[in-house]
Every structure is written in C-alpha cells, then in structure tokens.
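Trainee: Could you put together the complete structure from these sequences and hints?
First residue of the sequence shown? That's 1211 in the numbering used here, and the numbers climb one at a time after it.
One thing to keep in mind: the hints can contain errors.
With a Cα cut of at most 25 Å, we get these calculated BS3-like pairs of lysine-lysine [claimed, not checked]: (1) Lys1469 <-> Lys1341; (2) Lys1256 <-> Lys1291; (3) Lys1296 <-> Lys1243; (4) Lys1358 <-> Lys1370; (5) Lys1371 <-> Lys1291; (6) Lys1469 <-> Lys1485; (7) Lys1507 <-> Lys1464; (8) Lys1453 <-> Lys1244; (9) Lys1587 <-> Lys1488; (10) Lys1341 <-> Lys1503; (11) Lys1358 <-> Lys1559; (12) Lys1488 <-> Lys1440; (13) Lys1370 <-> Lys1296; (14) Lys1256 <-> Lys1296; (15) Lys1381 <-> Lys1291; (16) Lys1440 <-> Lys1371; (17) Lys1440 <-> Lys1464; (18) Lys1469 <-> Lys1507; (19) Lys1378 <-> Lys1244; (20) Lys1296 <-> Lys1371; (21) Lys1291 <-> Lys1531; (22) Lys1469 <-> Lys1453; (23) Lys1466 <-> Lys1256; (24) Lys1244 <-> Lys1370; (25) Lys1301 <-> Lys1370; (26) Lys1466 <-> Lys1437; (27) Lys1475 <-> Lys1341.
Note that these hints are calculated values from the structure, not bench results.
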Amino acid sequence: MSIELLTDNHRESVLNALGESQQRIYIVTPFIKKQPAHRLAQIIQKNKVDCVLISRFNYENFATGVSDIDALIELHQAGAKVLALKNLHTKLYLIDNRIVILGSANFTNGGLQGNHELSLIATDESQLFQKCDEYFADMRAAIEADHKGIVTGEWLHTVKKKVQQLCKDKKKNASTVDKTGDLGVELSHKATVEENDTVQDFLQLKPKKKTQNRCWLKFSASSAQRKPYKPNQIQPYAFDYNKAGQCATYFSEKHKPRKIQEGDKIFLALHSWDKNGKACPIIVAQAFCHEFKEENKLDEDCQWPYFIELYNEQALPEVSKTIQYGVPLYEVVEALGTDMYASSQGTNKPLETLLHSHRQQAYLELTDKAREYLESKFRE
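Mentor: Dropping the structure here:
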C-alpha cells in the first residue's frame, strides 16, 4: 500500500500504470491529445482491458487544439467506451482495482509533461480506491441514463466535420468563435464522495454516519434472456441461492455492485412480459443487502460471477404463479416520472427517456418516493 505525490513525473507514472493494467482503465479528463491517446489505444488492444473514458466535447476547444477529436476517435475505434459530460473539470484515473490517480493533470502532453501539475497516486489503498470508484460509477450511471452522453462513431465523425469547418472559418476570420457550448449530458446533480474536515481525515476515510440506507433496482440477466422465453409461457419466480445456501443476486465483472452497502434495500426485476404480452422489466421481489465483498465471486467462468447476499427476501405473492404477474417497470415510471430515479429527480427529463433509463444498466438507485411506492405493492 502506498500514496505518492506526483509533480514532475506524471508522464512516466501514468503511462507505466496504464501499461500494467490487466482488467480495466477508467479515465475522467476534460481534455485529451493524440499522442497519449495513441499510447492508450495500444494498451487497450494489447492488454485487452475494458476502457471507459468520460470527457468534454466542445467545438471551440477542438478547433483551437486544446483537445483533439481525432484522439477520441482513435480510442473509440480501439474499443473504449466514450461518454460526454458538460462542464467537466475532474481528472481521475482508475486502473484495475488497485491504482487511483487524481489531481490536476489532463490526458494531454502538457498535463503529463509540460505543465506544472500536482496529483496523488495511490496503490492498493482499497478504501480510497472504493470512494473514487463510487464517484466514477455514479457519474457514469447518470450519463448513461441520458442517452445524449453516449458517444457513437457516427457522432464523433459528425463532430469532426464541424470542427474542420470551424477551423476553415477561423482562417478566414480570426475572430470566429463557436458559441455552441459543450455537447453531451448536463448532470442535475454532481457525483460526490463524503466530505471530510481535514486532509488527514480524508486519507483515513472516516465515513460519516448515513441517515438512511439507499435503495436500488436490480435487473437480472438481459433482455435477450427473458423469463419466461415466450409471453404466453408459465414460469413461477424463484430466488437465486449461492453455494452456501444464501439468497443472492448476481453481477458481471463490468457492473460489480461496489456502491451497494450493508442494509441497503433492493428491488429485483426480471426482463419478462406484462400480462398483455408486452416485453418489459417486471419487478418481482424485495430484499435487504449485505455489503459487497470482492471475494463474493463464483469459481466457474460465467457471465455474472459476482454476487451480493440478500436477507429478509420477499417475493410478490402473484409471481408464485408466473413472473408476468409482477409490477411492470413502466407502470412505476409513469406514476412517478422524474421522481423514479435518484439521477432524474429534480430534472425535466421526458417520460420517453425515463422509460429507457434501465437499458444497459445492472442496477439503478431509486428515490424515497419510488421505495415507498414499491413497498406499498408488497402490502396489497
């Protein structure tokens, strides 16, 4: 375990850490340039790691060379998932489950080598890593819930064409300025970690007491694995149990439930059909969670090897007949609107966006209103 300050050795330390990655590289940086991006693209392909990049998309920044659209295109083509966040200023690097780098350095030549920067690199500091990982996961989930922030190859090339045109216009008129602003998602809430009064408290990560445990909606399997397979089939719901005989719910490597804490409430949903044969997630059960631990992993190689153990589990009585008799997710979303999810509360997101917020998500945080609404279904 170690914590080190980086001053004039950012490039070597950051690139070495990236090069040693074996599982994943998660980066948050407003600005990115071609040379370090090219090195990262090589690492992604050579090490076959999962890479997610959250960055800022601004035509003026691209046109003036502050950031490079070509760098983002290369990383996207190398297999990185790219997300766009407005007004981004965070610089954060998460490598595997061991290394966290946070400070002032962008993923640019200046940020890694030329500028006066100060960052902190921590290795095998599990509590610090977990806090930063939760911060990243919260930010990522909020962006992915709003599809405006999910960057595609088509979008990248559209942005590049506009940047090229803007550069031509600037040559003709030096005062040309693009006032479009940032592209992507503007979060209604900021991803946070618990505040601490002093640096020493932060390094020791003394958590403040929570006033109330959080509440989650967990999706099992995927829409390609609906239960039952056909809408007119009968399939009663049954809980999953691990080898120790403990009720459990399972997660992929990509979506480990690090944010779920001891005592949190969880509602379980399956991709299924409603009573009329409409394909949709169906909420079938509720339970309380034990804290996730990295050792909660199945020995065999499978799609969802990680799990959290549950207790006080309760299924809706109707789903003992067949899963289709549970609560359709769309019913809850239509009833609560933006008060459904913690990431949408207080926003003006349209209903259509909210109805699709669960796509590509393993679990989402619910509001107190959503918790009360769903708990009432178990009392009926």
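Trainee: Take the hints in turn and mark each one as holding or not.
Mentor: Results for each hint:
no.	hint	verdict
1	Lys1469 <-> Lys1341	9 Å, holds
2	Lys1256 <-> Lys1291	16 Å, holds
3	Lys1296 <-> Lys1243	18 Å, holds
4	Lys1358 <-> Lys1370	17 Å, holds
5	Lys1371 <-> Lys1291	21 Å, holds
6	Lys1469 <-> Lys1485	33 Å, violated
7	Lys1507 <-> Lys1464	13 Å, holds
8	Lys1453 <-> Lys1244	48 Å, violated
9	Lys1587 <-> Lys1488	20 Å, holds
10	Lys1341 <-> Lys1503	14 Å, holds
11	Lys1358 <-> Lys1559	11 Å, holds
12	Lys1488 <-> Lys1440	11 Å, holds
13	Lys1370 <-> Lys1296	18 Å, holds
14	Lys1256 <-> Lys1296	31 Å, violated
15	Lys1381 <-> Lys1291	33 Å, violated
16	Lys1440 <-> Lys1371	45 Å, violated
17	Lys1440 <-> Lys1464	28 Å, violated
18	Lys1469 <-> Lys1507	16 Å, holds
19	Lys1378 <-> Lys1244	21 Å, holds
20	Lys1296 <-> Lys1371	20 Å, holds
21	Lys1291 <-> Lys1531	41 Å, violated
22	Lys1469 <-> Lys1453	24 Å, holds
23	Lys1466 <-> Lys1256	24 Å, holds
24	Lys1244 <-> Lys1370	14 Å, holds
25	Lys1301 <-> Lys1370	24 Å, holds
26	Lys1466 <-> Lys1437	23 Å, holds
27	Lys1475 <-> Lys1341	20 Å, holds
Comparing the model with each earlier hint shows violations of hints 6, 8, 14, 15, 16, 17, 21; every other hint is respected.
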